[in-house]
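Given these sequences and hints, build the entire structure.
Okay, here's what each chain looks like letter by letter:
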Amino acid sequence: MKVLMTENLRINLDTEKWECRHCDKVLNSARDNYKRSLLAYDRDPREIHKPLLDPKKYTLTYSPDPTWCRLIEYYCPKCGTMMETEYLPPGHPPLRDMEFDIDAMKEQWKHREEVLKEPGGKDYPRSRKSVHAGQAMARMATGDKA
Amino acid sequence: MNDMSVTPEDKLLLNKFLKDNQLFLIADPEIMNDHDIGPRSEEEERLLSGPSDPHLVNMVRGRILAALDEGNTMIEQMGAAPGAKWGDIVASIFTASGDLSMIAPHGVVGFAACVHYPIKYIIKYWTDEPTVGVHDGDGFIHNDPRYGGIHGTDQSCIMPVFWKGKMVCWVSCTIHEGENGATEPGGMPPSAESRYDEGLKMSPFKVIENFQLRRDLVTFLQNMVRDPKLQLEDMKVKLHTCLRMRERVLAVLEEFGEEALTISLRQHIEDVQEEVRRRIEELPDGTTRVLTFPDSTLRENALLKFSMAVTVKGDRMTLDFRGSSPEFINRAINCNAASLKTMLLTSYLQNVWPDLPQTMAVFGPIKMLFDEKSVLNGSFETPQPMSLIPLFKAMTIPVIPMTKLSYSLPHRYTAVVAPQYDQPGTFIYGGLTQNGENVGNFCADINGNGQGGRNHRDGEHSVSPPFAANCDIGEMEVIEEELPIVRLGAFTLARDRVGFGKYRGGLGYEMIASTRGTDMWGFMTGCTGSLFTPSQPLFGGYGPPVYPLCKIQNVNIFDQLEKDPGNIKFDILDLMNNQTVEGGKYSTHPMAMTFELCQNGEVYMMCQGTGAGYGDVLLRDPAHVMKDIEESLISHETALDIFKVVYDQATLLVDEAATKKLRDNERKSRLKRGKPFDKFVKDFVTKEPPAYLPYYGSWDDPTVIYGTSQGKRIKMKASEMQSMFMPNPKDEKIKSLESQLDTVKAQLEACRAKGKASVKAVAKAKSKSKKK
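For the record, the sequence lines run as chains A and B.
Residue numbers for the first sequence follow full-length UniProt numbering, beginning at 1 and rising by one.
Residue numbers for the second sequence follow full-length UniProt numbering, beginning at 1 and rising by one.
Misleading hints may appear alongside valid ones.
In silico SDA-like links for lysine to any residue, alpha-carbon gap of 20 Å or less [claimed, not checked]: (1) 117(A) / 414(B); (2) 668(B) / 56(A); (3) 85(B) / 479(B); (4) 569(B) / 555(B); (5) 56(A) / 587(B); (6) 668(B) / 90(A); (7) 367(B) / 273(B); (8) 682(B) / 91(A); (9) 679(B) / 53(A); (10) 717(B) / 370(B); (11) 106(A) / 727(B); (12) 682(B) / 72(A); (13) 585(B) / 53(A); (14) 679(B) / 41(A); (15) 110(A) / 278(B); (16) 661(B) / 77(A); (17) 313(B) / 41(A); (18) 206(B) / 243(B); (19) 106(A) / 287(B); (20) 2(A) / 727(B); (21) 50(A) / 661(B); (22) 675(B) / 94(A); (23) 682(B) / 94(A); (24) 110(A) / 410(B); (25) 675(B) / 36(A); (26) 56(A) / 580(B); (27) 672(B) / 42(A); (28) 57(A) / 370(B); (29) 57(A) / 589(B); (30) 110(A) / 411(B); (31) 679(B) / 703(B); (32) 106(A) / 717(B); (33) 110(A) / 281(B); (34) 687(B) / 72(A); (35) 106(A) / 243(B); (36) 50(A) / 493(B); (37) 16(B) / 126(B).
Computed spacing ranges between beta-carbons, pair by pair [what the hints assert, rightly or not]: (38) 54(A) / 410(B): 49 to 57 Å; (39) 117(A) / 685(B): 55 to 63 Å; (40) 113(A) / 236(B): 54 to 62 Å.
Simulated from the structure, these hints should not be mistaken for laboratory data.
Where a beta carbon is used, it is the ideal one built from N, C-alpha and C, also for glycine.
Here is the structure:
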């Protein structure tokens with residue numbers, strides 16, 4: 001049984017391991033911090049958020065100040081997908097952002113079927129003529145045709 | 001003699017004495033610390049313990065919601081405050097014991113989610129108070145967030161509804177009025193250094209008797225604010241909205257009876273709580289966390305840490321904010337916990353469980369933990385008029401830990417969405433208009449924040465404020481008719497200022513404002529995020545960039561437009577980089593500006609921001625990148641450097657093979673430059689915040705808080721946190737200039753001394769040569 005945990009990660013409840021959803025790389029123990037199995041890079045945020053105002057003329061240019069803000073990128077060690085990013089002050093410990101009770105999760109998923117593709121993300125069609133009309137709104141929600 | 005034992009009778013007497021002789025009926029911690037609904041009243045217990053007719057409940061609920069919707073529309077149509085026109089309003093109904101039951105379908109839930117505090121205060125303190133009392137026809141006013149509220153700009157009108165001599169429920173309506181007589185115009189003064197700079201601070205008091213406003217009190221309130229006509233008009237609007245809602249409730253009582261109303265109001269919130277418990281229980285047990293770092297107190301640059309951890313265990317959820325920045329006793333950005341909870345609720349109801357009824361009962365099963373004297377749990381004396389800084393964060397950051405908790409569910413209640421741009425990006429203004437009116441308020445651009453990227457599509461541009469999906473950004477023509485603000489550039493999406501990702505954030509837009517037709521007009525702004533990225537991204541996306549405030553001063557742009565209109569392009573980057581307004585003084589600043597006068601034709605520029613990105617940029621469909629180019633949302637440079645798409649710039653045809661190769665190469669580069677996490681931590685993490693950084697909050701241990709005292713760093717136990725007292729930035733500036741002056745003087749003296757010595761030497765040499 002594999003449980004989809006993020007856009008990029010899943011937990012294999014049988015092996016109790018984190019896995020990359022893009023290349024199936026088996027990462028570390030699901031009881032541990034998944035970031036420990038990734039590659040991390042301390043990026044100058046100006047490389048991504050480039051100065052849009054002339055730095056010769058202005059101190060503030062739409063780029064974060066690298067002495068205040070660092071961009072930490074986490075990559076899958078096999079396929080290089082960027083699994084997470086976090087903006088931190090220089091030297092701030094990376095956050096352990098997810099910590100799950102694996103035993104409880106196993107119990108919970110005993111009663112559920114495996115989900116292979118994440119649900120949701122459906123867009124209801126917009127009626128340009130009468131978006132505020134009650135019946136049209138109801139049809140959008142139900143998917144019924146007029 | 002030392003026997004201090006007190007009999008129960010003595011204790012009762014003592015308690016009565018203390019109650020009767022309380023010197024100041026301050027906001028009651030018992031009320032303010034409890035965001036849950038109260039226990040059932042005896043009557044509710046009697047009615048709800050038996051069977052109830054769900055059809056009847058549904059009919060009553062429908063009628064009440066229709067009445068609230070009507071009330072909301074009345075405020076919107078009649079309200080004078082700019083906020084009323086753009087939807088920063090709500091009409092709501094509460095149970096007899098003061099719990100919020102329902103709000104108008106298009107109302108701002110946060111406004112209503114704090115009104116139960118003043119209602120419970122009124123019930124507790126004024127009902128039996130012989131000099132006040134609560135009677136049919138009474139109405140109360142309130143705005144002080146310390147007694148429940150978001151911030152002092154929001155004024156509520158609260159009215160009990162009586163039926164056959166018995167109080168059966170409460171109705172209220174709230175408007176973001178803006179002007180409230182604070183130390184700066186518009187009601188949200190970043191320069192406030194104490195709560196006495198905040199303007200009107202209305203604890204709940206009676207201002208309506210016999211269904212009429214008391215003119216003496218109205219006059220008193222008008223006398224306290226810069227816009228007396230606004231104060232009067234909107235008090236009338238709120239009174240008549242409450243009266244209309246009361247009329248509708250009475251009709252419901254007439255038709256269905258008191259019991260049906262009582263059951264419906266209470267059942268509604270109990271059902272919500274049951275559903276929330278079920279939704280918590282289906283989440284995995286565990287903890288997810290997020291950090292965010294506002295970079296300003298609005299008076300000086302300072303890096304504040306806000307920490308949020310969500311823990312689920314069975315059907316219990318705890319939100320833990322400990323380890324966050326300490327409060328600032330002389331800065332405006334503190335927020336009390338009750339205010340914060342309303343905006344957290346907003347985030348849950350907008351981004352996590354938008355299908356639930358909009359009521360504070362949603363948070364009943366959720367416990368919250370704060371440090372005392374934290375900026376998120378500011379004490380009574382702290383100034384709080386720009387609590388929007390923590391509040392806007394509260395509206396957006398929960399989506400990250402909640403998404404990480406709920407992503408695994410087999411079903412969704414809504415799409416997964418990265419955080420919306422989380423700053424109140426707008427000009428606040430004040431002064432004398434071209435029509436001779438004194439005003440102070442804010443522009444509707446506050447409602448134009450870009451949405452974060454979603455799991456299946458890009459975020460919407462400038463979609464709404466993070467506190468209400470229904471609010472609008474207003475019409476420029478209406479604003480220009482009433483105010484001397486001229487929008488030289490408006491609603492142009494800010495190209496390349498994007499939260500990049502597999503699905504990008506929706507963009508914000510540029511605001512280029514000037515003024516004409518008055519000599520007494522000014523602006524201020526109250527945003528952070530000019531040094532440190534404001535919103536954290538989701539699942540490998542990038543956050544927004546930072547945004548400066550740009551100015552062109554000492555020049556009248558209208559003169560130049562008259563002479564040479566073709567030369568000026570209303571685009572911030574073009575204006576600032578090419579400096580096309582001749583003779584102007586160009587500068588950039590953090591987006592935190594206390595009130596300053598703007599001369600006719602000077603130009604002030606800022607942006608609404610983009611939402612954060614969702615997912616890895618290399619996973620973005622190249623066709624979407626091309627669409628962004630077509631729509632001028634990004635430049636060619638961004639398409640190549642960030643998204644790694646190779647294409648023909650003339651035809652926008654993608655070279656798929658070359659793109660794949662470029663992206664593969666980038667993935668290889670990542671593998672090369674990335675370090676194993678443990679090694680990375682060893683190299684990157686420092687024991688303490690960098691010495692040069694004015695840092696506030698915990699670092700690696702949430703029980704140890706960093707701050708400053710007299711400009712020097714201090715460390716405190718979280719349990720013994722003290723308030724920060726910041727030096728006056730002008731004093732600091734003077735100190736720095738004096739120090740520079742001293743250095744220059746010393747250099748001058750040294751130079752003079754050297755000059756004298758060389759003059760003497762020359763003279764001596766001359767005299768020697770003469771003698772020869």
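Structure-based check of all given hints:
Distance restraint check for residue 117(A) and residue 414(B): the Cα-Cα separation of roughly 16 Å lies within the 20 Å cut-off, and the hinted pair is therefore satisfied. Pair hint residue 668(B) plus residue 56(A) does not hold up; C-alpha atoms about 34 Å apart against a cutoff of 20 Å. Note on residue 85(B) and residue 479(B): the hinted pairing holds, with a Cα-Cα distance of about 11 Å set against a maximum of 20 Å. Of the pairs offered as hints, the one joining residue 569(B) and residue 555(B) holds, with about 16 Å between alpha carbons and a cut-off of 20 Å not exceeded.
At most 20 Å may separate the alpha-carbon atoms for a hinted pair to count; residue 56(A) and residue 587(B) meet this at roughly 12 Å. A distance of roughly 26 Å separates the Cα atoms of residue 668(B) and residue 90(A); the hinted pair therefore is violated under the 20 Å criterion. Restraint check: the Cα-Cα separation between residue 367(B) and residue 273(B) comes to about 13 Å, which is no more than 20 Å; the hinted pair holds. Annotation: proposed proximity of residue 682(B) to residue 91(A) holds, straight-line Cα distance about 10 Å (limit 20 Å).
Distance restraint check for residue 679(B) and residue 53(A): the Cα-Cα separation of roughly 36 Å exceeds the 20 Å cut-off, and the hinted pair is therefore not satisfied. Our distance criterion of 20 Å between C-alpha atoms is met by residue 717(B) and residue 370(B), whose separation comes to about 14 Å. Between residue 106(A) and residue 727(B), the direct Cα distance comes to roughly 55 Å. Violation of the 20 Å bound is thereby established for this hinted pair. Note on residue 682(B) and residue 72(A): the hinted pairing holds, with a Cα-Cα distance of about 14 Å set against a maximum of 20 Å.
For the proposed pair residue 585(B) and residue 53(A), the alpha carbon gap of about 15 Å is at most 20 Å, so the pair holds. With a CA separation close to 11 Å, the supplied pair residue 679(B) and residue 41(A) stays within the 20 Å bound. Among the hinted pairs, residue 110(A) with residue 278(B) is consistent with the structure: their alpha-carbon atoms are about 18 Å apart, no more than 20 Å. Distance hint between residue 661(B) and residue 77(A) is fulfilled; the C-alpha atoms sit about 19 Å from each other, no more than 20 Å.
Distance check on the hinted pair: residue 313(B) and residue 41(A) sit about 34 Å apart at the alpha-carbon level, beyond 20 Å; violated. At roughly 15 Å between alpha-carbon atoms, residue 206(B) and residue 243(B) fall within 20 Å of each other, so this suggested pair holds. With a C-alpha separation of about 16 Å, the suggested pair residue 106(A) and residue 287(B) falls inside the 20 Å cut-off, and the hint holds. Using a Cα cut-off of 20 Å, the hinted pair residue 2(A) and residue 727(B) is violated, with the two alpha carbons roughly 55 Å apart.
The hinted pair formed by residue 50(A) and residue 661(B) fails the criterion: a straight-line CA distance of about 24 Å is larger than 20 Å. Between residue 675(B) and residue 94(A) the alpha-carbon distance is near 14 Å, which keeps this suggested pair within the 20 Å criterion. With a CA separation close to 11 Å, the supplied pair residue 682(B) and residue 94(A) stays within the 20 Å bound. As the CA atoms of residue 110(A) and residue 410(B) are separated by approximately 13 Å, the hinted pair is consistent with the 20 Å bound.
Our distance criterion of 20 Å between C-alpha atoms is met by residue 675(B) and residue 36(A), whose separation comes to about 10 Å. Taking the CA atoms of residue 56(A) and residue 580(B), the gap is about 17 Å. The hint holds against a cut of 20 Å. Proximity of residue 672(B) to residue 42(A) is assessed by CA-CA distance (about 13 Å); at most 20 Å being required, the pair is judged to hold. The straight-line distance between the Cα atoms of residue 57(A) and residue 370(B) is roughly 43 Å, outside the 20 Å bound, and the hint therefore fails.
Distance hint between residue 57(A) and residue 589(B) is fulfilled; the C-alpha atoms sit about 13 Å from each other, no more than 20 Å. Restraint check for residue 110(A) and residue 411(B): satisfied, since their Cα atoms lie roughly 16 Å apart, inside the 20 Å limit. Annotation: proposed proximity of residue 679(B) to residue 703(B) is violated, straight-line Cα distance about 26 Å (limit 20 Å). With a CA separation close to 38 Å, the supplied pair residue 106(A) and residue 717(B) exceeds the 20 Å bound.
With a CA separation close to 15 Å, the supplied pair residue 110(A) and residue 281(B) stays within the 20 Å bound. Between residue 687(B) and residue 72(A) the CA atoms are separated by roughly 18 Å; this keeps the pair inside 20 Å, and the hint holds. About 55 Å separates the Cα atoms of residue 106(A) and residue 243(B), which puts this hinted pair outside 20 Å; it is violated. Between the alpha carbons of residue 50(A) and residue 493(B) the distance comes to roughly 17 Å, so the proposed pair stays at or under 20 Å and holds.
A threshold of 20 Å between alpha carbons decides the hint, and for residue 16(B) with residue 126(B) the separation of about 16 Å falls inside it, so the pair holds. At roughly 52 Å, the beta-carbon separation of residue 54(A) and residue 410(B) lies within the given 49 to 57 Å, and the hint holds. Judged by the Cβ atoms, the range 55 to 63 Å given for residue 117(A) and residue 685(B) is violated: they are separated by roughly 37 Å. The supplied range of 54 to 62 Å is met by residue 113(A) and residue 236(B), whose beta-carbon atoms lie about 59 Å from each other.
The structure is inconsistent with the numbered hints 2, 6, 9, 11, 17, 20, 21, 28, 31, 32, 35, 39, although it conforms to all the rest.
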